[in-house]
Amino acid sequence: MAGADDGELLGVRWPELARFILDRARPDLARLGHAVIAANGLEDADWQAFHGRLVAAISARLDRQDRLQPLAASALSLLGEAGAMRAPIEDAAKAMLSLRLRGGSEADVLGPLHLGLRRALVAARRQLVGISAHEDRVWKRLDQLSRTFLADTGQAWASRCDWPFFTAFARFLKDHHRNDAGVVTKVESLAWYFQRHCPDCAERGFAVDADGNEQEPAPMPISSLPGFAAARDWLEDCLSGLGDEARAMVNVQFCLEGVVEMNAKAWRERNQVTRHRYERTVETALASLRACLEGRISDSLPEELRVQSSWVGLEHLMDDAGDDLP
Amino acid sequence: MTAQRLLAALLASQPQPETELDEASFAAAVHDCLSRGQDLPPDLAALVWLRPDARRLYTHVRADIVRDFTRRWQAGGGAMGVERLAASAPVDEAGSAPEAITARGFTVTTHQDRGSGRWLISLVLEPDLAAEFPAGLGVELRDSGDLVWLSGSLDRLGGIDAWWPHEENPRQRLRHHQLQLAFV
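Protein chains in written order, with the working numbering: chain P, 1 to 326; chain R, 1 to 184.
Please note that the accuracy of each hint is not assured.
Listed next, the stretches of chain P that the computed footprint assigns to chain R, with coverage defined by at least 3 CB atoms under 8 Å from CB atoms of chain R [said to hold, decoys possible]:
| # | region |
| --- | --- |
| 1 | 42-53 |
| 2 | 62-75 |
| 3 | 99-106 |
| 4 | 159-173 |
| 5 | 221-227 |
| 6 | 270-277 |
Cβ-Cβ distance ranges computed for the label pairs, FRET-style [stated by the list, open to error]:
| # | chain 1 | residue 1 | chain 2 | residue 2 | range |
| --- | --- | --- | --- | --- | --- |
| 7 | P | D175 | R | E167 | 56 to 64 Å |
| 8 | P | S224 | R | G77 | 25 to 33 Å |
| 9 | P | S59 | R | T102 | 45 to 53 Å |
Note that these hints are calculated values from the structure, not bench results. Glycine included, every Cβ here is placed at the ideal spot set by N, Cα and C.
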């Protein structure tokens, strides 16, 4: 079983761990590929030799006390599942030989081996982390239904592993399989199953949470949201509409421009304001600022796109079906 | 930076509207815009600011685009890291001559300004690979000691540069650390 430290690396930091291993395996992959071509298949000795060299290369990192050392330790745990890794490599070897027969270039021929190694790591991870029978059943049903969905829609989905697909498939399941006890219909749940099981996602290096928690991408800095500069300008306008005391407290709380950095306690003491009053004022001010900002954003849109009163979103993108989500 | 903290606090406490978002339409529209390097139209951008569910979905779709580009970059031969070769010519750690470290797909240059003594760090992607870079994504150059060297958007020439904000001499730092490129 995976240890406590392995849990994180095999879970939310899985892409980092996989990349660490792949980076160290790639220089040796061509050698394995040439051995496969020479033997017209994957010989056990060649696979063992490749695996052994990879283990040795990663073991050499264990003595270095740097940030890669924990990765090396977890990588060795994963490579201990050599049995689970063998089948994807064998599949890759067959694909290589097929390409070779069709006259593929060396780069083409080695392509499947890169993919096979990635799949082998995913297989080893599944072996190490463990997959429950329930999860397995749900995935098989989703796998089957998603193939039906692809065939029925005829849409050229690039893969079964991006958010446009997850959201569209969720809509399909809600419309046609709402009462199917063997499926999940929430977009986040679907994404989790596909990222954890679907080979398309393995190819794309998706992050998978080994503990079954919802997987979120790293939070985006606010400055990367579309329209950030305009939102910042509107916020400044909204701030100027606050009362003097509320604005001063917000400035202190968020170290805004023009305020010498000062902690809230020092400010309260200097201005003889109780903590309760300070916190209540800041809370009220934030609610007011949010309403102001949302109003400015709404006002910036053309008339036909606005939604009056309390903003809930744009109607042409709204679904009023009122789904009762699980 | 400070306004960002306030905006982040406002968004963090934003309630989820009762009306349901058509996630499929929204995700498809955002994916279409971002993958073609276009800005989001105002109505979609407004949803990102006004709805936590739209914001979360936008983040996921953007992560898809980053992942796809990273995959295409690697498939096209682009490297994700570089280190100065030990066998290269003796390193001029105090001099003002620019030093370029080149990997497949990008070049990092360190140059000390003679007047101020400050170090300028620049990163340039190879034109062919940079041409496919989706507008709106960013790059980050970080070393194996987890120090961020550069972070931000590419200019129209496919590059980004910034003054080195740290005390340590960057060229000395390269003795012990690899540089890693990430698309963000």
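These are the hints, each one checked on the structure:
no.	hint	verdict
1	42-53	violated (count 0)
2	62-75	holds (count 3)
3	99-106	violated (count 0)
4	159-173	holds (count 8)
5	221-227	holds (count 7)
6	270-277	violated (count 0)
7	P:D175 - R:E167: 56 to 64 Å	holds (60 Å)
8	P:S224 - R:G77: 25 to 33 Å	holds (28 Å)
9	P:S59 - R:T102: 45 to 53 Å	violated (31 Å)
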